[in-house]
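Working from the sequences, and respecting the hints, build out all of it.
Residue numbers (numbering that gives the first Met the number 0), protein chains in the order written: chain A, 0 to 346; chain B, 0 to 376; chain C, 0 to 134.
A couple of the hints might just be wrong.
Said to hold, decoys possible - Using 30 angstroms as the maximum straight-line C-alpha spacing, the simulated DSS-like pairs for lysine-lysine come out as follows:
| no. | chain 1 | residue 1 | chain 2 | residue 2 |
| --- | --- | --- | --- | --- |
| 1 | C | K72 | A | K54 |
| 2 | B | K44 | A | K156 |
| 3 | B | K58 | B | K300 |
By construction, these hints were calculated from the structure, which means they are not laboratory data.
Chain by chain, the residues:
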Amino acid sequence: MNNIFLTIADMLRSLFLGFGLSEYVVELVMAAIYASVVFALIGLLVLILVLAERKISGYIQLRPGPNRVGPHGIFQLIADMLKMLGKESITPAAVDKWPFVLAPILMFVPTMLLYAVIPFGEGMVAADLNLGVFYFIAIGSLTTLPLFMAGWSSSNKYSLIGGMRAVAQMVSYELPLIFSILGVIMIAGSMRMNDIVLAQSGMWFVILQPIAFLVFFISALAELNRAPFDLPEGETELTAGVFTEYTPMRFALFQMAEYGNVFIMSGLMVTLFLGGWQAPFGLTFIPSYIWFFAKVFMMIFVIMWVRWTFPRIRVDKLMDFGWKFLLPVSLVNIFVTGIGIYLFQNF
Amino acid sequence: MCKDMTTKEHTLKTQEFTLNIGPQHPSTHGVFRLVLTLDGETITKAESVVGYLHRGIEKLAEARTYTQVITYTDRMDYLSAMLTNLGYVQTVEKLIEIKVPERAEYIRIIMAELQRMASHMVAIGSYVQDVGITGTSIFMYNLIDREKILDLFEMVSGSRLTYSYMRIGGVADDLPLEFIPALEKFLDEVPASIEQYWALSSKNEIFQSRLRGVGVISAEDAINYGFSGPNLRGSGVDYDLRKAEPYGIYDRFDFNVPVLENGDSLDRFLCRGAELEQSIKIIRQAIKDLPEGEVIAKMPKVIKPPKGEVYHQIESSRGILGYYIVSDGSSKPYRMHVRRPSFINLIPMDEMLVGLKLADAITVLGSIDIVLGEVDG
Amino acid sequence: MYGKGLLEGMAVTLKNFFKKNVTEMYPEEKPRLSERFHGSFVLTADKCIACGICSNACPNMVIKIGSERDENKKRFLTSYEMDIQYCLFCGLCVESCPTDAINFNKEFELACYSRQGVVLNMWKRPENINSSNEG
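Right, here's the structure in full:
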C-alpha cells in the first residue's frame, strides 16, 4: 500500500521499455506523465481548497456555507467555473495590453513549477534536485512581479495602490522567510528535500526550531497575500485592489494560482518542519502520502482559521513588523542554532 | 544625500493624485462619496460629498398629519427606528402638553434601550468588517444577537426594521404575554455573547494597532464642532442627555455613562461597547418596575396642536437627535426640522483625515458611525 | 505576553467552528412569524362600511375606495383597491378601522414578475354585495 504509486510508475516504465524505446525517451515520457499528474493534482486541489475555504469560513460564522449544489456543496466550484466561462471577457480600452494579459498566466506558471520538488511520499518526488530548497525559494519569489504587472497595467488608481503595496509587502517578507529556513538547513546539512525529511526521523524540526517555525508561518502568510496581510487585495479599502479590472476567467487563474500557492507553501512547511511524509509515533501502517496530505491539510486549516479571525494590518505597520521585528528575530535564531550545533557536536 | 531623504523635497519627481471613494464602495455605510487627494499613501486633502440618498422627508412632513409623520421618521435612521420615533412623539407631546401614562413610559424605555443595543451591535460588527474583510466573523455573531432583538420587536410591533410603534401620547399596542419571558431569556443569554466580541475586536492586537491614535479629536474641538453621542464621550467630555437633561423617566434609573480619554477611534469603539452593558442594566430595572395601566393617553382622533414652536432633543444611539416643529394650529405641521446627529458628526471629518494614510480614512469614517439615511434625510 | 489577544480570538473562532449553525434553510423551512406580523392585507367586505377612514389615514394614499349610497342613504362598498408598490406596511389603516374590516395576514412572499399583473392589488367586489372577499 505504501508503494502503490511507485509500483505503478515501475510498471509503466517497464511497459514503455517493452515497446523497444531507448532509456532516454522512456525517461522523457515518464517525466511528461509526472507533469500531467501534477497538473491534474493542482486542478483537483484548487477545487477542494476553494470549497474548504468557503465551508470553513461558514462554520466559523455559524452558517453552513455552500450546500445547495450537490451534497454539502461539493459541486459548487464546478458551477462557479461554468458561470465564469460564460462571462464576457472585457479588456478596458486604456490598459497596457501585454502586461495585462500576461499577468494571470505568469502568476500561475511559478506555482506549477514549484510542485516539482516537494516529496509527496516516500520516493515520490517529481524531480529530486540537490538544491531543492534553493529552487523553491527562487521560483517562489517570482510571484511578486505578476501582481505588480496587474496593478500597473490596469490603469486604475485602486489597482495601482494595490500593486505598490504588493511589491512592498512581498519584498519585505522574503528575507525573514529565507533566514528562517537557514536554521533548518544548518541542522539537516543539505538542501535536498528528501534528506531534510529523513533528517527528521528522530525529532521533528518544529521542536528544535520553534521560533523559526513561527517566523516562517508569518512570512508565508505575507507571501501568499492571505489575511491578516491581504493588502494588495484590500477588499474594503480598494474594492478589489489589484484584481479590480480583471474579468472572470483571468481572475479565476489568479485564484487558482493563489490556492495552488497555499497548498505548496504548506507543503514546504510540512516538509521542513513537520517531518514530511514520515509517520509520527511509528504508525507506519498508514501510507506515507496519506500522512503528508493529512499534515498539509491540517496546516491549511490553521491558515484559514487565522484568516477568518483577524482584521488587516496597515501598510506602515506591516513594514515595521517585517523589518524591525521578524528579520532580527530570524538572524538571532541563526546564531543560536549555530552555537547549538557546535555545542552538540563537541559534547 | 541623507538630508534629501528626510526633507519634503524628494530628488525623485512625485505627483499627487485624486482617488474617488465613490458612492458604490464596500465600506462607506451607504451611498457616500469621499474625494481624496493622495501623495503616495498619505492623504493631503479630503472632501466629502453627501446627498445621494436625499428623499425630502422634512418637506413631505409638511403635507402629512402628525400621526402619519411618525412613519416617515422611521426611515431616517433606519437602524435605530424606535429612537427616532421616540424623539418625534416626545416633541409633539411637549407642544400639546400632554402627560403619557406610566406603563407607556416604561415600555418606551425598554424599547429605546433595546434599540440602542441593536444599533451598537451593527456599528461594532460592520466596523470590524471595514477594518479587514475577514473580520466578518464578528459581524455574524453580532447579527445573530441582533436577530433576537428584532424577533422581540416583531412580537410587539409586527415589523423588524421600521416599526412606527410610538404614538403621540403613548405606544401603539400593549405588550403581548410572551414578550417579557422572551426578553428575560434574551437578557440572560446576551452577556456571554458580548464577551465573545471583545476577544475578536478590542483585545486583538492587530485591531488595536489599526485604531490607536487614529482620528484624534480633542475635547475642545469636539464641543466646538457639535459632536455628540459616543464620539463625544470618547474624547473625554462627560455629556449624556439621559443624565444631563433627562427626558421621559430616565431620572428614575441607575446607570453609568462610559467616558474615555484619548479621543481616537479605539476609544469611540470601546465607548459603544460599554454602552451595551449599561443598556442591559436599564432594561432589567425597567422590567422590574413595569406598572399596569393604559398604554396611550386619551387623544382626539385628529391631533391639532396649539400654535407655536417647540424644540426637543433626545440621546439617540448616534448622538443628539433634535426635532424642531412649528405648528400653525392645523392638523399638519407647518415646518419640521430634524437635527440629525450623523450629518453633524460628519463635519469635522474633512479635517481629521489630513495627514493620515488611506487605510485610516475608512477607519475614521467607520468610527464616527453614520447612517446615510440620517445624513441626507 | 504580546500575542495574547490574538490567541483568545482564535480560541473563540475555533469554539464556534464546532457549534451548530443557526441558518434557516428558507424554502424548506418557513420562518415562524409573530401574531402581529405585518404581511399582506385581507379585507372582510361584510364588515366594511366604506367610511374612508383607512384611506385618509394612509400616509402614501395607497388605498382607493369606491362607494355608493343605496336607497336608505347608507353607504356601501363597491371597490377597494390597494397599490402595494407604495405601501409602507405601517399599519395605520388597520389601526384606524372602526369595524376591524381590514387586517394583516402572514403572507410575505409578495414579489411578482410584472407591474400590472400582481403588484397592484385590487379587491373588486362583484355586483352582489353579500359575498365576502379575501385578498
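For each hint, the structure was consulted:
Between K72 (chain C) and K54 (chain A) the alpha-carbon distance is near 69 angstroms, which puts this suggested pair outside the 30 angstroms criterion. With a C-alpha separation of about 17 angstroms, the suggested pair K44 (chain B) and K156 (chain A) falls inside the 30 angstroms cut-off, and the hint holds. With a CA separation close to 24 angstroms, the supplied pair K58 (chain B) and K300 (chain B) stays within the 30 angstroms bound.
Hint 1 alone, counting from the list given before, is not met by this structure.
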